[in-house]
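**Q** Start from the sequences, fold in the hints, and give me the full structure.
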Amino acid sequence: MGYVFDLGSVLSGQYLNWFLIGIATTFALTLVAWCLAMAMGITLTLIRMIPFRPLEWFVALYVEYHRNVPLLVQIFVWYFGVPSLLPRVARQWINAHHGEFLLAAIALGLAAAAYVAEDIRSGIRSIPRAQYEASRSIGFGYLGTMGYVVLPQALRIAVPPLINQTLLLFKNTSLAMAIGVGELTYRTREVESYTFKTFEAFAVATAIYLTVSFAIMALGSYSGRRLKLETR
Amino acid sequence: MIEIIQNNWLLFLVGQYPHGPIGGLTMTMFMATVSLALCFPFAIALALARLSSHRWLRLPATAIVHTVRGLPLIMFIFWAYFFSPLVIGRAVGGVETLIIALVVYEAAYLSEIIRAGIEGLPKGQTEAATALGLGYWPTTLKIVLPQALHNMLPSMVSQFVSTIKETSLGYVISAHELTFAAAQVNNVLLTQPFEVYGILALTYFALCFALTSLARFIERRISTSRGGTPGVAVLA
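These protein sequence lines are chains A and B, in that order.
So the first sequence is residues 1 to 232, counted in this note's numbering.
So the second sequence is residues 1001 to 1236, counted in this note's numbering.
Derived by calculation from the structure, the hints in this document are not laboratory data.
Among the clues, some could well be false.
To be verified - Quick list of in silico lysine to any residue cross-link-like pairs, SDA-like style, CA-CA up to 25 Å:
(1) Lys228/A - Glu1112/B
(2) Lys228/A - Leu151/A
(3) Lys1123/B - Trp1137/B
(4) Lys1123/B - Ser1155/B
(5) Lys228/A - Arg1069/B
(6) Lys228/A - Trp1137/B
(7) Lys228/A - Glu1119/B
(8) Lys228/A - Asn1008/B
(9) Lys228/A - Thr1062/B
(10) Lys228/A - Gln131/A
(11) Lys228/A - Leu1121/B
Only a predicted model underlies this, so the values are computations on that prediction, with no experimental measurement involved.
**A** This is the structure:
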């Protein structure tokens, strides 16, 4: 076929620039969505601890919705659907301020929050009942039991799964290309359609995704070993 | 909302068929089923290779699984989109492209499930088989895999749910499936995006939630039939 593999052509000048902007956008999207996911995930966990049935149902519905609807569809609901419900002024503001980035971050963050809430809950569940009883019997109240006994252990257990969620979130930011967010996958397609260097462009993107993913995976397995509870 | 469903339910269900290619929910289910079925043998092979005592089987399999897990599905879709025509030597449609990408992607994830199933079996099973004089293949095929796959049934149903959700990415390469159909409806109506995508989300939810519930039901059945206590003691 006489095809010359030429990485230099996609890694120079404005194309290199596009890749760098893409990486920066992917990282920014991951970070914003991650913060939202943690805040919302912890909030959901706290809501679920309130012994009031309708609130429990609300959290269950929230989790099931985000786990059973494709993420791309959730992004579409936020990007195409939600602004149409907002007043005109809000719509104009969204359009003027890179709304697609913001709405993608909201969709990704809220979806990840469902998984974060589940991870924290299984951390809490994995603390044996005897720990509560022992803590209560030596005089801790509910908050003291939670704050000094249960949560320090539960969060430790939840760290490796949460790092895994971070990996999934990082990979899922690629879906934002479907609504025109200029992240790595989107920029890669742009480079590809300008240079016709399909193989090179996607090789670069693949290498970048793999590097970051492997770093997150390594962090995950390190924390798994490091934070393992030593039971005596 | 009811009106949109009344006017477009056929498009959601089968796409433009019979005036065009089959799409909609039918194609979504077809692609999910076919790609899961096709990736099954690869997944078993990968799982066995990862558990193999031969280094030269274990290391490449481990590398493949980690590489696939480190990449977004959309990367596989684009690789398949651009390169399967080169490899096959003819134009490849969106549906085939998506199935190729899904088979590669799902095989890695399914292999992890199968591996967990095999590792979850008591060691006594293989030891007893060895003691009876069975070799590697009879042990694997007649003792290990049947039990492991049975125990893994709930996870496989969950994997099927993931696959259904992942077919929505076919939209990106214009494969005719449910999300694509909804986008078409939205392009015609223009003024009711929230309703259209709401219907889309509800459709996926109804389908996937039913399957997730089925997975939970099977899980309870299996754990009771194995004599264990169903579920874990619930605390928080």
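**Q** It remains to establish, for every hint, whether it holds in the given structure.
**A** Tested hints:
no., hint, in the structure
1, Lys228/A - Glu1112/B, "22 Å, holds"
2, Lys228/A - Leu151/A, "15 Å, holds"
3, Lys1123/B - Trp1137/B, "16 Å, holds"
4, Lys1123/B - Ser1155/B, "21 Å, holds"
5, Lys228/A - Arg1069/B, "24 Å, holds"
6, Lys228/A - Trp1137/B, "36 Å, violated"
7, Lys228/A - Glu1119/B, "21 Å, holds"
8, Lys228/A - Asn1008/B, "54 Å, violated"
9, Lys228/A - Thr1062/B, "24 Å, holds"
10, Lys228/A - Gln131/A, "18 Å, holds"
11, Lys228/A - Leu1121/B, "24 Å, holds"
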